[in-house]
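A.B. asks: Sequence:
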Amino acid sequence: MEANKKYYPRPLWFWNEKPTKESIREVMENCARQDKYAGFGILPYDACKLDYMGEEYLRLYGFVLREAKRLGLKICLYDEWWFPSGWAGGILQREHPEACAKRLDMEEYTAEGKRFSLALPQDGKVMALVGMKGTERIDLSPFAAEGRLEWEAPAENWIALCFILRDSGWNHVDYLSAEAVQKFIDCTHEVYYRHFSEYFGNVIDSAFYDEPQFYGAEGRMWTEKFNERFGQKYGESPAVYYPALFYDIGEDTAFARNALLSVRADLYAEGFPGTLQKWCTAHGISLTGHVDQEEVENPCGMTGDLMKSFRYQDIPGVDEIMFEGRASSAYKVVSSAAVNWNKQLTMCECFGAMNGLTEDAMYRESYDLFTKGVNLFVPHAVWLSAEKEKIIFQPELSYRDEYYGKIMPRYCDYCARVAQYLQEGKQVNSVAVLYPIESLQYMYTMNWEGDKYHGGPTDEKNNYMRLGQYISRELNQDFTFVHPEVLQGSAKIGAGTLSLAETEHVQNYKVIVLPGMKAVSLKTLRVLKAFVDAGGILVAVSELPGRACERGGDADVAALCEELFGVRQIGAAKHRKAHKGGGVCYCLPYAQRGCLQEIFQGAGLDTNVRTPVPGLQYIHKRAEKDVWYFANLGEDLSAEAVLQGISRAEGLNPKTGERVALQYQIAPGGAALALSLRKGESLLIFG
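Every number in my numbering is 282 more than the matching position in the sequence shown, counting from 1.
For the record, the hints were derived by calculation from the structure and aren't laboratory data.
On a predicted model such as this, the values are computed, not experimentally measured, just so you know.
Just so you know, not all the hints are guaranteed correct.
In silico PhoX-like links for lysine-lysine, alpha-carbon gap of 20 Å or less [claimed, not checked]: (1) K331 - K670; (2) K688 - K937; (3) K805 - K774; (4) K351 - K288; (5) K465 - K507; (6) K670 - K688; (7) K331 - K300; (8) K396 - K415; (9) K859 - K811; (10) K937 - K318; (11) K515 - K465; (12) K288 - K708; (13) K288 - K318; (14) K937 - K961; (15) K351 - K318; (16) K862 - K811; (17) K507 - K407; (18) K356 - K303; (19) K356 - K465.
Label-pair restraints from in silico Cβ distances [said to hold, decoys possible]: (20) K303 - G429: 56 to 62 Å; (21) E917 - N624: 35 to 41 Å; (22) W364 - G732: 25 to 31 Å; (23) K961 - D741: 32 to 38 Å; (24) G939 - E917: 24 to 30 Å; (25) T417 - D733: 26 to 32 Å; (26) F605 - G344: 36 to 42 Å; (27) D815 - D642: 44 to 50 Å; (28) G853 - G483: 57 to 63 Å; (29) I775 - S423: 41 to 47 Å; (30) D815 - D741: 27 to 33 Å; (31) E472 - D449: 41 to 47 Å; (32) E940 - Y327: 39 to 45 Å; (33) A668 - N624: 39 to 45 Å.
A virtual CB, placed ideally from N, CA and C, is assigned to each residue, including glycine.
Construct the entire structure; sequences and hints are all you get.
C.D. replies: And the structure:
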């Protein structure tokens, strides 16, 4: 069985030497015929010896489009000269230097006695001027004029803090500014459209951005209109909260950091992917792409909020690069963004810089990706020249490589067979894990001592990614990370269930898991309490939150946690509290996370693997019929899976396209399936 061409992978195509019409045609024809690729995303860089957006470059790009049309291939508009996206190969800084990234700096002043008389920095815009002693803070803007601060403090030992917006020295766009991003678009997307408008929406069907991040601005990326946007959201100036970005400011810390950092995350989501998405929608194409370093546990210093990064983007994306399993813990976060904000597709740029990648590893990674919600693959990569010394990042995934040339046709067939079922329909889940961004924002400071390449501070009890991996891989239970803003805005409480009203995906949660958290908003806790009061099951693992994201709310958080769980902190043993409405709350130390299995078993979930087998993962989709995809990432296994809501089951081997006879019995509410998978096997099941 061969799937429709639209479901086949479409690799990045690195132009690592100067292209000619002959070399372009040779690669395109053979990749389409022999490797079964459905198209490309061209990634140009210095090695192609062309002037980016110059006459010759555009002429050759036009030739690619004509060839793609002739061959029935699709082109994804990779938006940059190398990566990360946002510099237009240097054009942006040359033509629009004002649109380049800005950085927030803090300067601290002391005085002998109480009198401050000093010249303020003139090499940037003052965003806030704050006097501080301990946790007491005063907005000093009324005492500043004509570039000077003249202020007498209430007492000695006060300091003055000046927060200045400066050019970062990085030649990439201000990702937080829609106006700046529009200038980037003018340098890139608009140039393509002016020259090739007739191909948009047919041959060119999508655009791709690559690896935006904040560490290029030392993790302190900021923007000129930040204060204005904060005022619109919170109805006040952010000035006295700025110190929380660097210091603990007492009882206001959790509120201040969440308020400031959630606004920055909003500005990123709207400013970069949101502005790109508006342009793509207006020009008849979709938008995909991924941020850098998705696997960091605290994303606040990367692009702010990994889930929210994809709120306005057609196709959320993730990167799988360098070694097997590197970003595995992030796959569910990104695909959950698609579920939370009602997207159908999730993309992965896969196999990049994985020298020595084996066929078995390709399938294992694909199993992990597919079962965690990714359903669109962009292999990394095909190269214009296959000469090994010209390939920066192995492998060369095409017909020209002796090893991969034999693998890719059958691998692409496999991908397409699975994708045609997983790209359609709605994802079904009965378990949610709260995405702890409120706690992560509380933990973040701009002067944390770690490498900014790793996003932000974390600790042992910040375990949501590890816990998610355990639930998927060890307990064989699929789930969805739920963003607290989505939970607050669209939770619909039923009898023992919580669903999301603003997504078409079938999300009827009977169990909600809280990973280790230090802070949470009262709004989030109150939704969870309503869920428990209606009969739902709530499980806290490792650490209960003690700080509120609202001013003065710490005591309310502590009281509400005690009301829900019967304790204020998680101890060394499992703790259970039953509620009058039938709901139950559990506390589990991380060492006893295995108790989750017993809790899942008794919850009447849509899918239940009765005796967990390490390495077994699945995803459940619903369209005209129910589809499960089970995959074995471990050793040979046998298990019994109860699939709710079906009265018959059919199987398909996605590697061969052959039907598989299944052994099952009709059980109350569904089918009890005897599942047997050898190492490296997977199975599609239709109900």
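A.B. asks: Each hint: holds or not?
C.D. replies: Hints, one by one, checked against the model:
1. K331 - K670: Answer holds: K331 to K670 is near 18 Å, not above 20 Å.
2. K688 - K937: holds, 14 Å
3. K805 - K774: holds, 14 Å
4. K351 - K288: holds, 14 Å
5. K465 - K507: Holds, because 16 Å separates the two Cα atoms, which is no more than 20 Å.
6. K670 - K688: holds, 18 Å
7. K331 - K300: holds, 5 Å
8. K396 - K415: The hint holds at about 12 Å.
9. K859 - K811: holds, 13 Å
10. K937 - K318: Answer holds: K937 to K318 is near 15 Å, not above 20 Å.
11. K515 - K465: Answer violated: K515 to K465 is near 26 Å, above 20 Å.
12. K288 - K708: holds, 19 Å
13. K288 - K318: holds, 11 Å
14. K937 - K961: holds, 13 Å
15. K351 - K318: holds, 16 Å
16. K862 - K811: holds, 12 Å
17. K507 - K407: Distance ~11 Å between K507 and K407 Cα, so the pair holds.
18. K356 - K303: holds, 18 Å
19. K356 - K465: The given pair, whose Cα atoms are some 27 Å apart, is violated under the 20 Å limit.
20. K303 - G429: 56 to 62 Å: Holds, at about 60 Å.
21. E917 - N624: 35 to 41 Å: Cβ of E917 to Cβ of N624: about 38 Å, so the range 35 to 41 Å holds.
22. W364 - G732: 25 to 31 Å: holds, 27 Å
23. K961 - D741: 32 to 38 Å: Taking Cβ atoms as reference, K961 and D741 lie about 36 Å apart, which means the hint holds.
24. G939 - E917: 24 to 30 Å: 25 Å Cβ-Cβ, so the 24 to 30 Å window holds.
25. T417 - D733: 26 to 32 Å: holds, 29 Å
26. F605 - G344: 36 to 42 Å: holds, 38 Å
27. D815 - D642: 44 to 50 Å: holds, 49 Å
28. G853 - G483: 57 to 63 Å: About 59 Å separates the Cβ atoms of G853 and G483, which means 57 to 63 Å holds.
29. I775 - S423: 41 to 47 Å: holds, 45 Å
30. D815 - D741: 27 to 33 Å: At roughly 32 Å between Cβ atoms, D741 and D815 fall inside 27 to 33 Å, so the hint holds.
31. E472 - D449: 41 to 47 Å: 25 Å Cβ-Cβ, so the 41 to 47 Å window is violated.
32. E940 - Y327: 39 to 45 Å: holds, 43 Å
33. A668 - N624: 39 to 45 Å: The hinted range 39 to 45 Å holds for A668 and N624, with Cβ atoms some 41 Å apart.
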